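Q: So you can see what is in the structure, the chains are spelled out below.
Number of protein chains: 2
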Amino acid sequence: MKLEKCLTEENINQNLLNIQYAVRGPILQRALQIERELVKGVPKRFERVVRANCGDCHALGQKPITFIRQVLALVSFPELISSRLDIPQDVKDRAKELLDDCTKGSVGSYSPSNGLNLVRSRVAQYITNRDGVPSNPDDIYLGSGASDVIKSVLTLFVEDVGGKPPAVMVPIPQYPLFSGTLSELGVRQVDYYLDEEHDWALQISELERSWREASIESNVRALVVINPGNPTGQVLTRDNIEQIIKFAYERNLFILADEVYQENIVSKPFHSFKKVMFEMGAPYSRMELASFLTASKGWAAECGLRSGYVELLHLQPSVQKTFNTMRSVMQCPSVLGQCILDCVMKPPSPGKPSHNQFINEIRDIHQVLKERTATAYKTFNSIPGYFCNPIDGSMFAYPRIEIPVEAQLEAKKLNMSPDEFYCLRLLEETGVCVIPGTGFGQLPGSFHFRTTILHPKDEFQYMMDSIRRFHLNFMQLYP
Amino acid sequence: MKLEKCLTEENINQNLLNIQYAVRGPILQRALQIERELVKGVPKRFERVVRANCGDCHALGQKPITFIRQVLALVSFPELISSRLDIPQDVKDRAKELLDDCTKGSVGSYSPSNGLNLVRSRVAQYITNRDGVPSNPDDIYLGSGASDVIKSVLTLFVEDVGGKPPAVMVPIPQYPLFSGTLSELGVRQVDYYLDEEHDWALQISELERSWREASIESNVRALVVINPGNPTGQVLTRDNIEQIIKFAYERNLFILADEVYQENIVSKPFHSFKKVMFEMGAPYSRMELASFLTASKGWAAECGLRSGYVELLHLQPSVQKTFNTMRSVMQCPSVLGQCILDCVMKPPSPGKPSHNQFINEIRDIHQVLKERTATAYKTFNSIPGYFCNPIDGSMFAYPRIEIPVEAQLEAKKLNMSPDEFYCLRLLEETGVCVIPGTGFGQLPGSFHFRTTILHPKDEFQYMMDSIRRFHLNFMQLYP
Ligand SMILES: Cc1ncc(COP(=O)(O)O)c(C=O)c1O
Ligand SMILES: Cc1ncc(COP(=O)(O)O)c(C=O)c1O
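Line by line, the protein sequences give chains A and B. Counting in our numbering, the first sequence runs from 1 upward without gaps. Counting in our numbering, the second sequence runs from 1 upward without gaps.
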């Protein structure tokens, strides 16, 4: 008796077949396999895999912020608040405050679907302090990470208008959440290239070109900006942001400002799109905007807790109402994630018992970022055939690498792109797991990889040395 | 200077305009407003709002399971494991085991996108024990609540095949996650009616009718079954499940078995679709199936933690690979949510220090369910004009109510359905917030509301009395 499958590659949602998410793609799968081989005692030229595929600081050994974790423990098990345990008073106060905002004092109750009132007002206060511009808690939507709310916002644009399919402009290189989600939604991705020759600048002429070409066949509706950049690590200047806002205004584009690395900056000042828009005054200050932040990045780096937010500005009320309804179907984001975000938005203040320890902890974290960005920049530029722009922020390096023609041919035989081939060889020979540039996008004919840089010092040095040795060897193999 | 909005009701994703989610809809909004009015001292005929809109046990005062919350506290703040605190050894062991499976021992690291290996194997073990049929951890996907994975599975069906639009069969009454998600995805919802005259039975003849009519214009691809039922509370018999499986097999329908209330059953035995399929043998035992469970329900009732799973059986490998990729774009579900699910899948075993307390806690919870289902059934059937089927499980009652023609006319004037009008009047006059049947679906011309029934005894009695008094009064107003 024949049993057809109900779901086949031919009849499932065809958009899904186009999704690519290299950060957790074949290279990582091979790395995990190698880890299992190492455990089984399969001999290798290295003793362990160094994962540098993902911007996940705790996975690289960064320690959680004590204040956050103490608050988490207390809201999870409120008996601890009155226990003999030596817990600072400001932790207890915070836990009580959060529990007071949970229905019947349990983090196990569903919260409002946009998030606890307390946490949303804390987010609004954080934004107000940052920008000097008021923020309304009703414009804030908490999500299961920024990913979740980014996807919801992109969902709004799925609609043919005037007979043309919708399209969204995305920087290249980009973080593949955007390409992956647009694929799933069936929305066209319009690439604009960041200018690697000029510190990954966002050139308005390139926005123009990209928009013009795409507009012939599609309805370009939104513009994604990632600032600070992932994987590129640049921080936009205020001037540049102004130009981008004007560009978007003139073409009636909705700006999605992915600003999740705003607290991971080495030295330059961070300007939020919201602040710049308001400083520019009317009509710019009345533009729609979606701006994203997450507790997965910054000093908290609580990726596993899944907590982020979007601030949605100046939406037409009926559109905002529709957004509310869409979000409510999934009930709410994790209440413990929301509690963490609360701590990120309002960390211990000066004079409070947890303040000193908090300051020391974030100072160390910032120090590591500063040191690693400098080392990565220096090391990569010292390897023949490598080029790396200065890294202003985020937690990545994205060096450009020359791949000899012979190696490119070899890659082709294996049905791989040259950078995939390069990264796979690097992994097999050194255990270092970085993600090929094809996963983020790059100018045709150029090759890159992305590596996270927040490993402990020794491991980082080991990784840098391994990459250098591998590359020199590679260049000899394919002269 | 004119500023058009980029997003308007006319040009946003039109599917989104069709989403309805009554559980958090206008009635709840009004209830929240009344709560604020009460705080401000606005005089009312009642002192507080009784929320009965949502299956959220902690919000009704149910206490969390101590074991779960202690584990949560320890994995959040691992220093507690070695503190002077009096924490049972099995809690410490569990916390350590979970932390060992988190990258670098932090719940703040992203997990694999399908979930921690440990937790997925615990889920597989739970299913194996339940069904006596092996379960493979690679078929398990953890999600941010069952909602999240239900949406992902439904996403697979978005595709016109053979020129016909896709459609999914959904019981009426249903839980509006299904209607809402299908609306968002633009997949047709095909209603089949549960038989209220026969204890909400799922009649195969009705499945036939519904399928036949829908198949003329659409491609019916999947069948949703909610067992135990929400809002209807019935539990399907083994025979009935066999018939449903045969029906689905003959029409090549993919079964989505929403079995989230499987631990909320008063007396009848629960049969999982998986177990029945396997017991039926080939070809049924090779059918595709998606089966859902969540930590939001059962004795844990940790809604706010957002943790659930789907087991996906017998998918074509390329389809499963695509599902993996789609899921990976959102990174992973909350790791703390995963930790909770672990506790639900493997609660303290006999002989372990936490076992006694655990057993007492769940016994009390079960006792409340038993008592409230009986009281709700009896009370509703004692009100003239009310009819309520026996409640086998879940945590709801869904009584049918007669609404006098005069009241129906009054509703029409106000542009409301009669049951909406009824529920709104009930709210305004008594503070009791229940959800009208239109939110779940009902036979045209019949009227219902859904109420949760797990309130504390006094509050529950107060609610029952208020509803009775309101109804008797209502019938006098509209004779
Ligand atoms: C640029 C960017 N945006 C958004 C995210 C989403 O992160 P999360 O969903 O963990 O908040 C990431 C994560 O790496 C990112 O790099
Ligand atoms: C029938 C049914 N399925 C699924 C869910 C989803 O719950 P969660 O997303 O909290 O796991 C619910 C919640 O009420 C439900 O009633």
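There could be a bad hint or two in this list.
Since copy identity is lost for identical chains, a pair holds within one copy or between any two.
[To be verified] In silico SDA-like links for lysine to any residue, alpha-carbon gap of 20 Å or less:
{"#": "1", "residue 1": "412", "residue 2": "203"}
{"#": "2", "residue 1": "104", "residue 2": "298"}
{"#": "3", "residue 1": "346", "residue 2": "414"}
{"#": "4", "residue 1": "321", "residue 2": "278"}
{"#": "5", "residue 1": "321", "residue 2": "347"}
{"#": "6", "residue 1": "104", "residue 2": "35"}
{"#": "7", "residue 1": "5", "residue 2": "371"}
{"#": "8", "residue 1": "40", "residue 2": "201"}
{"#": "9", "residue 1": "370", "residue 2": "316"}
{"#": "10", "residue 1": "96", "residue 2": "66"}
{"#": "11", "residue 1": "321", "residue 2": "371"}
For the record, the hints were derived by calculation from the structure and aren't laboratory data. Just so you know, these numbers come straight off a predicted model, no measurement behind them.
Q: Hint by hint, say whether it matches the structure.
A: Hint check results:
1. 412 / 203: neither (33 Å within a copy, 58 Å between copies)
2. 104 / 298: The answer is between: 19 Å across copies meets 20 Å, while 32 Å in one copy does not.
3. 346 / 414: This pair counts as neither: shortest intra-copy Cα distance 52 Å, inter-copy 46 Å.
4. 321 / 278: neither (24 Å within a copy, 45 Å between copies)
5. 321 / 347: neither (32 Å within a copy, 41 Å between copies)
6. 104 / 35: The answer is between: 14 Å across copies meets 20 Å, while 45 Å in one copy does not.
7. 5 / 371: neither (54 Å within a copy, 44 Å between copies)
8. 40 / 201: neither (47 Å within a copy, 54 Å between copies)
9. 370 / 316: neither (42 Å within a copy, 48 Å between copies)
10. 96 / 66: Answer is both: 17 Å inside a copy and 18 Å across each meet the 20 Å cutoff.
11. 321 / 371: Answer is neither: 46 Å inside a copy and 39 Å across each miss the 20 Å cutoff.
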